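Asks: Letter by letter, the chains look like this.
2 protein chains.
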Amino acid sequence: MVERNSDIARYQADYLFVDIARRKERLLQEQPDAKLISLGIGDTTEPIPDMIIHSFVEQAKQLGTTKGYRGYGAALGDPSLRKKIANILYQDRISSDDIFISDGSKCDLGRLQFLFGSHSSLAIQDPSYPAYVAASVMSGKTGAYNTDNGQYRNITYLPCRPENAFFPDLEILPETDLIYICSPNNPTGTVLTHAQLQKLVKMARERGAFIIFDSAYAGFIRDSSLPKSIYEIEGAQDVAIELGSFSKTAGFTGVRLGWTVIPKQLCFDDGTPVQNDWSKIVSTFFNGASNIAQAGGLAILSDEGITASQSLCDLYLENANILREAIESKNYTCFGGENAPYLWVDIKGEPSWKLFDKLLKKGHLVTTPGAGFGPAGEGFLRLSAFGRRVNIIEAAQRLKEIL
Amino acid sequence: MVERNSDIARYQADYLFVDIARRKERLLQEQPDAKLISLGIGDTTEPIPDMIIHSFVEQAKQLGTTKGYRGYGAALGDPSLRKKIANILYQDRISSDDIFISDGSKCDLGRLQFLFGSHSSLAIQDPSYPAYVAASVMSGKTGAYNTDNGQYRNITYLPCRPENAFFPDLEILPETDLIYICSPNNPTGTVLTHAQLQKLVKMARERGAFIIFDSAYAGFIRDSSLPKSIYEIEGAQDVAIELGSFSKTAGFTGVRLGWTVIPKQLCFDDGTPVQNDWSKIVSTFFNGASNIAQAGGLAILSDEGITASQSLCDLYLENANILREAIESKNYTCFGGENAPYLWVDIKGEPSWKLFDKLLKKGHLVTTPGAGFGPAGEGFLRLSAFGRRVNIIEAAQRLKEIL
Numbered sequence: 006m007v008e009r010n011s012d013i014a015r016y017q018a019d020y021l022f023v024d025i026a027r028r029k030e031r032l033l034q035e036q037p038d039a040k041l042i043s044l045g046i047g048d049t050t051e052p053i054p055d056m057i058i059h060s061f062v063e064q065a066k067q068l069g070t071t072k073g074y075r076g077y078g079a080a081l082g083d084p085s086l087r088k089k090i091a092n093i094l095y096q097d098r099i100s101s102d103d104i105f106i107s108d109g110s111k112c113d114l115g116r117l118q119f120l121f122g123s124h125s126s127l128a129i130q131d132p133s134y135p136a137y138v139a140a141s142v143m144s145g146k147t148g149a150y151n152t153d154n155g156q157y158r159n160i161t162y163l164p165c166r167p168e169n170a171f172f173p174d175l176e177i178l179p180e181t182d183l184i185y186i187c188s189p190n191n192p193t194g195t196v197l198t199h200a201q202l203q204k205l206v207k208m209a210r211e212r213g214a215f216i217i218f219d220s221a222y223a224g225f226i227r228d229s230s231l232p233k234s235i236y237e238i239e240g241a242q243d244v245a246i247e248l249g250s251f252s253k254t255a256g257f258t259g260v261r262l263g264w265t266v267i268p269k270q271l272c273f274d275d276g277t278p279v280q281n282d283w284s285k286i287v288s289t290f291f292n293g294a295s296n297i298a299q300a301g302g303l304a305i306l307s308d309e310g311i312t313a314s315q316s317l318c319d320l321y322l323e324n325a326n327i328l329r330e331a332i333e334s335k336n337y338t339c340f341g342g343e344n345a346p347y348l349w350v351d352i353k354g355e356p357s358w359k360l361f362d363k364l365l366k367k368g369h370l371v372t373t374p375g376a377g378f379g380p381a382g383e384g385f386l387r388l389s390a391f392g393r394r395v396n397i398i399e400a401a402q403r404l405k406e407i408l
Numbered sequence: 006m007v008e009r010n011s012d013i014a015r016y017q018a019d020y021l022f023v024d025i026a027r028r029k030e031r032l033l034q035e036q037p038d039a040k041l042i043s044l045g046i047g048d049t050t051e052p053i054p055d056m057i058i059h060s061f062v063e064q065a066k067q068l069g070t071t072k073g074y075r076g077y078g079a080a081l082g083d084p085s086l087r088k089k090i091a092n093i094l095y096q097d098r099i100s101s102d103d104i105f106i107s108d109g110s111k112c113d114l115g116r117l118q119f120l121f122g123s124h125s126s127l128a129i130q131d132p133s134y135p136a137y138v139a140a141s142v143m144s145g146k147t148g149a150y151n152t153d154n155g156q157y158r159n160i161t162y163l164p165c166r167p168e169n170a171f172f173p174d175l176e177i178l179p180e181t182d183l184i185y186i187c188s189p190n191n192p193t194g195t196v197l198t199h200a201q202l203q204k205l206v207k208m209a210r211e212r213g214a215f216i217i218f219d220s221a222y223a224g225f226i227r228d229s230s231l232p233k234s235i236y237e238i239e240g241a242q243d244v245a246i247e248l249g250s251f252s253k254t255a256g257f258t259g260v261r262l263g264w265t266v267i268p269k270q271l272c273f274d275d276g277t278p279v280q281n282d283w284s285k286i287v288s289t290f291f292n293g294a295s296n297i298a299q300a301g302g303l304a305i306l307s308d309e310g311i312t313a314s315q316s317l318c319d320l321y322l323e324n325a326n327i328l329r330e331a332i333e334s335k336n337y338t339c340f341g342g343e344n345a346p347y348l349w350v351d352i353k354g355e356p357s358w359k360l361f362d363k364l365l366k367k368g369h370l371v372t373t374p375g376a377g378f379g380p381a382g383e384g385f386l387r388l389s390a391f392g393r394r395v396n397i398i399e400a401a402q403r404l405k406e407i408l
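Heads up: the sequence lines are chains W and V, in that order.
Each residue of the first sequence is one higher than the one before, counting from 6 in this note's numbering.
Each residue of the second sequence is one higher than the one before, counting from 6 in this note's numbering.
Think of the hints as simulated: they come from the structure by calculation, not from any bench.
Where hints are given, some of them may not hold.
It does not matter which identical chain is used: a pair holds within one copy or between any two.
[Claimed, not checked] Here are the simulated DSSO-like pairs of lysine-lysine, each with C-alpha atoms no more than 30 angstroms apart in a straight line: (1) K29 - K269; (2) K66 - K88; (3) K363 - K40; (4) K366 - K72; (5) K88 - K72; (6) K29 - K89; (7) K89 - K66; (8) K366 - K405.
This structure is a prediction, so every number in the text was calculated from the model and none was measured.
Using the sequences and the hints, build the whole thing.
Replies: Written out as structure tokens, the structure is:
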């Protein structure tokens, strides 16, 4: 008989949003007429701008012609898209051959697990996007789940709370190979400053650690003093991998397109460029993102596309503002929402699953309990600002009534 | 300093087709005017049928409308596509909730590595599609490379040669958790019969092994007595996972769409359904295939789409026939090509990389040396029948001149 993989068994929880979906279904069984509004999963709701759609259509039509047909694309991604990302999103700080196109950050997060051995030591922001912990557990990098503190062994959880300006205390960090950092942050909606990232890069350089920097929400940054990429920090290219995505900034959640930056300067202890191993992994476990999606990526990075995707992000940021006003009117403190599509509400010590259930049952609002993002998320609730405006206005009203 | 992952380091070779691409580039540097024809990588060359293109265009346009926009799809795949695959491709032998949509088999081959622990024992057909070995090595399931026999330790290589009708000798198989089987086979182009698959399933049931059955080329089977799926064999649902793909049968190599079948009957030693763990893995390391690609998948499985994709496959099979005639006219024996898009040429004891280089330099033909598919592939050359007809005719001519 084939033995069950203990690494998978170890990950006990359902993936957070699967759990939430189940509770939602249960509510709908009890109250079939409930008009649910989702402020839960960070799923885009606005149509994709016309000029990007046009690029999909044109690329699709090409595939139907003898002249325009293309089979496998480059496993590492369309060279012109890699160039455009380097140029537009990194102001050529990063070379295009350091950019690897993917079908989304979550998929590359999986492939990243192959890059690092199961003995790698890890530090992860707490709260955090649950996939970092899940991926680490399932790839055998952690020990058992400790029910007392809600943590997996061999992960250093880095509490990020209002008290420390959502920046981990690096002084107490033990020897660590990999540090996951997300900014603009999911779930707290906060953005790390240049000064904070400088400290982080300095620490990583001194201690020989790698930073895995998730910049999926960079397109939401409106405060021009805030860094959109870890590579705005000098020396980061020697210590950081960055994940990027078109999902949230251009409505590509269902289209699937992202990228990973692995600078050629980044090397393992034996001098092997990390890029070499990444190419092996990508050639074996991937075959390129869909060519139709990649054509859309090029359109996003045209002058017209940049303006259109900025408007999309602005619309979600206005949603965040509407929700913030509702919450603050009830004397709750909330973070984020100004340079990120998430609000992180301090719920005054109430257990977050309890408030989640209350808002679901009484307000027919789907939110995300802070505890779902890690032990330090307890006492907070995440509100996603993705949603149609009419629903956001209605949700704000319901929040005012129930909170 | 972060340690290099020894599992990745252990995989010494470049991925086969990366190596070939490099030799091709070198030739083009030496002979810039060479009109290369590829009989190498199995990459589709015919345009995608109009009605499938139409489905891409319609889906893309929907994404540009408020009403038709969709964000994240179901991580496990569009339910209607899962149903259609179950119905059309498995005649409802398999339930739709046992079918998981992917962005291609290679990507799911990566995710499958998480499903099984690194202690799993493996058996792989020799020759075989190189990604099975590469994925096993890079996920830490194997020992060191043995330069003497060209094999990695902890993999049982199952020689498949004309002498054993390309079916492994199951009598000598040691205790094994996972057996990779590909039929129609890449690279040999041969198809396993019902009787052969029955033996395989019987063995797996008796010994508690799992079969990973790659059916990417099932759409090329024209002999109706041959099985297109492992699930045509009674009892296979208890022991087999099947990988499927639209890449080759509908020209989706660049569009990216496939599926994995994990029957709910398939269980680990502790009784856990494999499907449960697969759902965890897919929710963590994947976010669904592109919605535009999935719309195309539905079109492929319509009545009109089925006819169109059969015609596509027929065209490649006719190519195979043209190449076969050329080869046989020079008194070479070749296998495959009747129910698969590959020809496996017995090159009469010549080293396969030597003949590869000769055909490249003298004939400007890119082929694939049998040795690239494993030690038992030595002495053979794989010819891919994917190509434009005009090129195939020209290639057949060149083969006649050089062989």
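Asks: For each hint, tell me whether it holds in the structure or not.
Replies: Hints versus structure:
no. : hint        : in the structure
1   : K29 - K269  : between (45 angstroms within a copy, 25 angstroms between copies)
2   : K66 - K88   : both (24 angstroms within a copy, 27 angstroms between copies)
3   : K363 - K40  : within (15 angstroms within a copy, 70 angstroms between copies)
4   : K366 - K72  : between (57 angstroms within a copy, 27 angstroms between copies)
5   : K88 - K72   : within (24 angstroms within a copy, 34 angstroms between copies)
6   : K29 - K89   : between (41 angstroms within a copy, 27 angstroms between copies)
7   : K89 - K66   : both (23 angstroms within a copy, 25 angstroms between copies)
8   : K366 - K405 : within (15 angstroms within a copy, 76 angstroms between copies)
When each numbered hint is compared with the structure, no violation occurs for any of them.
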